[in-house]
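Residue numbers (the working numbering), protein chains in the order written: chain A, 2 to 110; chain B, 1239 to 1358.
Hints listed in this document are in silico derivations from the structure and should not be mistaken for laboratory results.
Please read all numbers here as calculations on a predicted model, not as lab measurements.
Take the hints with a grain of salt, since some may be wrong.
[Unchecked claim] DSSO-like cross-link-like pairs, simulated, lysine-lysine; straight-line CA separation at most 30 Å:
1) B:Lys1247 / A:Lys97
2) A:Lys97 / A:Lys69
3) A:Lys71 / A:Lys37
4) A:Lys37 / A:Lys97
5) A:Lys37 / B:Lys1247
6) A:Lys97 / A:Lys57
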Amino acid sequence: GEDVEQSLFLSVREGDSSVINCTYTDSSSTYLYWYKQEPGAGLQLLTYIFSNMDMKQDQRLTVLLNKKDKHLSLRIADTQTGDSAIYFCADINTDKLIFGTGTRLQVFP
Amino acid sequence: NAGVTQTPKFQVLKTGQSMTLQCAQDMNHEYMSWYRQDPGMGLRLIHYSVGAGITDQGEVPNGYNVSRSTTEDFPLRLLSAAPSQTSVYFCASSNSIGGLGGRKGADTQYFGPGTRLTVL
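Isolated chain A, as found in the complex (with noise of 0.2 Å):
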């Protein structure tokens, strides 16, 4: 089945800027999403890519898809304290959602 799998830790400096990491198997995927999950909080959309760009802007945050070697990042540019969080990528396979494992972002002064 469709697999998706990212880093489980990733730490910084806070005004550095963040990169996640994801890869994902099934070569259909026409929408690529980023969530973030706060602590004791549910999940919520960041950004999203479709499958036909290489990039995506949205203020701080960038991401990159090479549909070539089935790899999404995140970037996070000047990470702040508030960013600490975990932050999951998720494809499309039919009509279900399939979750990474998520990447806890810790963020230190």
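Based on these hints, arrange chain B on the given structure of chain A.
Just chain B now, with coordinates in the frame of chain A:
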């Protein structure tokens, strides 16, 4: 709008007990789903529904039942709780999933605050 609400927030069960986790949304969304979140495993889809009267199994459906008699409600039933069902459960709703509904971009999937379930 209250969005997606879940009750209870916390629950402790003994092995073999049954219970129902409630989920309701007031956004008139067709698509609703239940996930469980376990450490190091991300979110796994349990059951989902694409409209009232229609449900289908996700990745980990065993031990859980669902029904969708109204658009608003999508309860999740644990028939005989087991310690392996200790987890955080999230309900979510959306107008569609991605381009399937013919809508622009990705319809946001709204998540409830979660129910933390412990089975002893």
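| Hints broken by the structure, by number, lowest first? | Failing hints: none at all.
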